[in-house]
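Here is what each chain is made of, one letter per residue.
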Amino acid sequence: MIYIIDHNDSFTHNVVHQFSSFSKVECDNFDKIDQKKINKAETIVFSPGPGAPKDYPVSSKIYKKYKGKKKIIGICLGFQQILYSEKAKIVGQNKIYHGFQSEVKVTSDNSLFKKKQKFKVGRYHSLKLKEPFNTNNFEITMRCAISNVAMAIENNKDKIYGFQFHPESFLTENGNLLIKKILSA
Amino acid sequence: MIKKNYLEKLKRTKKPFIIYKTKKGFDLYTNFSKKIILTNKNIYSFINKIKKNKSKNKNTDLYIGFFGYEILNNLVGIKLPNQKGLKFPKGIFYKPEKKIILKSKLNYKNEGLNNLSSDFKININKKSYNKIFNRFKEKIKSGKTYQIKICTKYLNKSKIDPVDFFCRLTKTNLSPESFLIKDKKFSIISCSPENLITKKGNYISTKPIAGTLKKTKKLNKIKALNFFNKNIKETKEHNMIVDMERNDLSKICKPGSVKIIKKKIVEEYKDLYHYVSLIAGKLKKHTSTLDIVKSMMPGGSVIGCPKISTLNLLNAQEKENRNIYTGSFGYIKFNGDMRFNIIIRAILNYKNYSEISVASGVVIDSNANHEFNENYIKAKALMDLYK
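Heads up: the sequence lines are chains L and C, in that order.
So for the first sequence, our numbering puts the first residue at 146; every next one is plus one.
So for the second sequence, our numbering puts the first residue at 703; every next one is plus one.
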């Protein structure tokens, strides 16, 4: 079972439907977490949402508790949530992307995805990862083809994955394939 | 066959009635046997009981009316602060006993009543609008919202003949979700273009509009589509709404069933081009009417995104009640089928006051002057009726 933690977002149920094509999914809002469901889940997903990771201490706690024990996936705010819990800084950016389709490229040899592959994705983020970011076992594996901003992270040891863009958006090509690959990793 | 002066006669009886645009013409509902004024207490039992009514296989097996903005907030768990306003009911539904099909052109002669009115006053001047605009832009930069609609309201003192207003409006601005509610103590006249819910059996669809272009002689449909597609700001706003509406449908639909049926097309109206998408899905088994209302309302395209956080920002800002504005008008049939619009481009006439609310969106690359004027243009089409 996959447990999706909703940060009161208007895109979370797109995520729910996307993951539902691969496994059973349960979803609760971050202020109504069901401990029994978390215990049962093999995978925990942090949803997109408004604001910044620091606004959701509950999610940071859950991340730290289950890191290494369950597969963890973060999307947009959820991606930032993972990084923030790993002591990264999440900062504002000059150009803001809401409802924007842009190209990302795979930049790492160690990614589940093929290096140099490019594809179009949907983006909804005001904030970004401040670099340099160096933490054990984490690697930035995708970047914006134009601005080079970090777009995906992978930690294949602890099975932690995150996307700054939205795989569930209708603006993302091959979103289902991305999710399928990390779920079977 | 409906007689030519039907509307005049009906108006003289002083009976309340409702007119709702259909594909071919208009439906008129009257002889109301029940009138339910919604409160936070009775709304649940009202919605839940509709399906329990015994169907008499009549075309009046339905409740028709509206949900105001405040009660829709309350339904999704958001309380509004104390606001000023006309103290208009939060929602009203009627049970009609008579339905009449009217043809596409409404004939009506205003019988002597002069429409009296004072000048319209706006509740937010340009300076305060700019302030709010900049405050919301900061909220976008910090990620609290991605798109937010600032509402401005025009108010005047007026005594009007709502049937006359509605008939004139349908001549200049015939839009697919137009409606009129003519009750004893108030009236609502709207040329809403936007359908929020069409539900038949387990099929449900929504048709958000994000992007409007005024017609000129040089434009045609293809050029309008080119304009929208090339305009990055309009495209981003529209994309956001499409993903949000997919989300709202996904809450109540079977996984994998939510599809974009028409993606970013242009629809042509008398004076405008709209940038429109149509999204549909198949409802999960045992989805209740209340589930549908709570998932879809208030309609996202007139609020902003993400919905809950944006509603909270709006409510903290707005000092006056929106009343009907950005609520929904429509009907729920005894068999659970429904049709609802989003109440925009509407006049609420109550206690001899008319109010017209309008809103336009703030995204990261919006311009305050442009949006302020956009609001005025939207309101002007309705204010012109008072001339």
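Incorrect hints may appear among the rest.
[To be verified] Result set (EDC-like, lysine to aspartate or glutamate): computed pairs, CA atoms no more than 16 Å apart in a straight line: (1) C:K760 - C:E799; (2) C:K956 - L:E171; (3) C:K760 - C:E710; (4) L:K185 - L:D200; (5) C:K953 - L:E171; (6) C:K841 - L:E171; (7) C:K753 - C:D1039; (8) C:K843 - C:E799; (9) C:K823 - C:D1086; (10) C:K859 - C:D821; (11) L:K240 - C:D866; (12) C:K953 - L:D303; (13) L:K216 - L:E318; (14) C:K846 - L:E171; (15) C:K916 - C:E1076; (16) C:K713 - C:D821; (17) C:K873 - C:E799; (18) C:K917 - C:E840; (19) L:K181 - L:E171; (20) C:K725 - C:E970; (21) L:K240 - C:D1067.
[Claimed, not checked] Which residues of chain C face chain L? A few of them, derived with a C-beta cut under 10 Å, are: (22) S844; (23) Y848; (24) K851; (25) P864; (26) V944; (27) D950; (28) P957; (29) V960; (30) K964; (31) I967; (32) S1062; (33) V1065; (34) N1069.
Note that these hints are calculated values from the structure, not bench results.
Beta carbons are placed, not taken as given, at the ideal position from N, Cα and C, and that holds for glycine.
Each hint, compared with the structure:
The hinted pair formed by K760 of chain C and E799 of chain C meets the criterion: a straight-line CA distance of about 9 Å does not exceed 16 Å. Taken as a hint, the K956 of chain C and E171 of chain L pair is honoured in the structure, with Cα atoms around 14 Å apart against an allowance of 16 Å. At roughly 26 Å between alpha-carbon atoms, K760 of chain C and E710 of chain C are farther apart than 16 Å, so this suggested pair is violated. Taken as a hint, the K185 of chain L and D200 of chain L pair is broken in the structure, with Cα atoms around 26 Å apart against an allowance of 16 Å.
Taking the CA atoms of K953 of chain C and E171 of chain L, the gap is about 12 Å. The hint holds against a cut of 16 Å. Straight-line distance between C-alpha atoms of K841 of chain C and E171 of chain L comes to about 31 Å, which puts the hinted pair past the 16 Å bound. Of the pairs offered as hints, the one joining K753 of chain C and D1039 of chain C holds, with about 9 Å between alpha carbons and a cut-off of 16 Å not exceeded. For the hint linking K843 of chain C to E799 of chain C, the alpha-carbon distance of about 53 Å lies beyond 16 Å, and the restraint is violated.
Of the supplied pair hints, the one linking K823 of chain C and D1086 of chain C holds, its CA atoms being roughly 14 Å apart against a limit of 16 Å. For a cut-off of 16 Å, the pair hint linking K859 of chain C to D821 of chain C stands: about 8 Å separates their Cα positions. For a cut-off of 16 Å, the pair hint linking K240 of chain L to D866 of chain C is broken: about 50 Å separates their Cα positions. A C-alpha spacing of about 31 Å is found between K953 of chain C and D303 of chain L, which places the hinted pair above 16 Å, so the restraint is violated.
Of the supplied pair hints, the one linking K216 of chain L and E318 of chain L is violated, its CA atoms being roughly 24 Å apart against a limit of 16 Å. A C-alpha spacing of about 25 Å is found between K846 of chain C and E171 of chain L, which places the hinted pair above 16 Å, so the restraint is violated. With a CA separation close to 11 Å, the supplied pair K916 of chain C and E1076 of chain C stays within the 16 Å bound. Taking the CA atoms of K713 of chain C and D821 of chain C, the gap is about 27 Å. The hint is violated against a cut of 16 Å.
In summary, the hint linking K873 of chain C to E799 of chain C is not supported, as the alpha carbons are separated by about 28 Å, beyond the 16 Å threshold. For the given pair, K917 of chain C sits about 33 Å from E840 of chain C by alpha-carbon distance, which is inconsistent with the 16 Å threshold. For a cut-off of 16 Å, the pair hint linking K181 of chain L to E171 of chain L stands: about 11 Å separates their Cα positions. This hinted pair checks out: K725 of chain C and E970 of chain C have alpha carbons roughly 15 Å apart, not beyond 16 Å.
Pair hint K240 of chain L plus D1067 of chain C holds up; C-alpha atoms about 10 Å apart against a cutoff of 16 Å. Hint status for S844 of chain C: holds, given a least beta-carbon distance of 6 Å to chain L, under 10 Å. Using the Cβ-Cβ criterion of 10 Å, the hint placing Y848 of chain C at the interface with chain L is satisfied: the shortest such distance is roughly 4 Å. Violation of the interface hint for K851 of chain C is found here, the shortest Cβ-Cβ separation to chain L being roughly 14 Å, above the 10 Å cut-off.
For P864 of chain C, the suggested interface contact is broken, since its CB lies about 36 Å from the closest CB of chain L, more than 10 Å. Against a cut-off of 10 Å between C-beta atoms, the interface hint on V944 of chain C holds, since the closest Cβ of chain L lies about 6 Å away. This hint holds: D950 of chain C has a C-beta 7 Å from the nearest C-beta of chain L, less than the 10 Å allowed. Because the closest C-beta pair between P957 of chain C and chain L is about 4 Å apart, less than 10 Å, the hint holds.
The interface hint given for V960 of chain C holds, since its Cβ lies 6 Å from the closest Cβ of chain L, which is under the 10 Å cut-off. Checking K964 of chain C against chain L by beta carbon gives a least distance of about 13 Å; that is not within 10 Å, so the hint is violated. Interface restraint check: I967 of chain C against chain L, minimum CB-CB distance 14 Å, threshold 10 Å, status violated. Restraint check, S1062 of chain C versus chain L: the minimum CB separation of about 16 Å is more than 10 Å; hint violated.
Annotation: interface hint on V1065 of chain C holds; nearest CB of chain L at approximately 6 Å, less than 10 Å. For N1069 of chain C, the interface hint is violated, since its Cβ never comes within 10 Å of a Cβ in chain L; the closest pair sits about 15 Å apart.
Hints 3, 4, 6, 8, 11, 12, 13, 14, 16, 17, 18, 24, 25, 30, 31, 32 and 34, counting from the list given before, are not met by this structure.
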